[in-house]
Amino acid sequence: MTYLDHVDDHATNVYTSPQIAELLGWTNEDWAANPTLFEELLHPDDAARVMTQVAHPNTTHERFESEYRLRSQRGDY
1040 MTYLDHVDDH
1050 ATNVYTSPQI
1060 AELLGWTNED
1070 WAANPTLFEE
1080 LLHPDDAARV
1090 MTQVAHPNTT
1100 HERFESEYRL
1110 RSQRGDY
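First residue of the sequence shown: 1040, per our numbering; consecutive thereafter.
Possibly wrong hints are sitting among the right ones.
[Unchecked claim] DEER-style ranges, computed between Cβ atoms:
no., residue 1, residue 2, range
1, Thr1098, Glu1078, 14 to 20 Å
2, Arg1108, Thr1066, 18 to 24 Å
3, Ala1094, Asp1115, 15 to 21 Å
4, Arg1088, Ser1111, 19 to 25 Å
To be clear, the hints were calculated from the coordinates, so they are not data collected in a lab.
Using N, Cα and C, we set each Cβ at its ideal position, and we do this for glycine too.
I would like the entire structure built from these sequences, with the hints used as guidance.
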């Protein structure tokens, strides 16, 4: 899946490909309505690492690539 986020403290969503709704159940409207949804959905074991990784491109404007788990609307990761 592909998504674009603002360069900010919460990785606020700008665009999310339709695959994220198919895989996780979260719609583009869900992402747009909650600027911290990305953080909230991160698996607890991945959250600190990923948010640290997000901080780097916030200052350098480099691409962010990482593997991590997100919680689906069903509650699984």
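*Tell me, which hint numbers fail for this structure?*
Violated hint (a single one): 3; every other hint is consistent with the structure.
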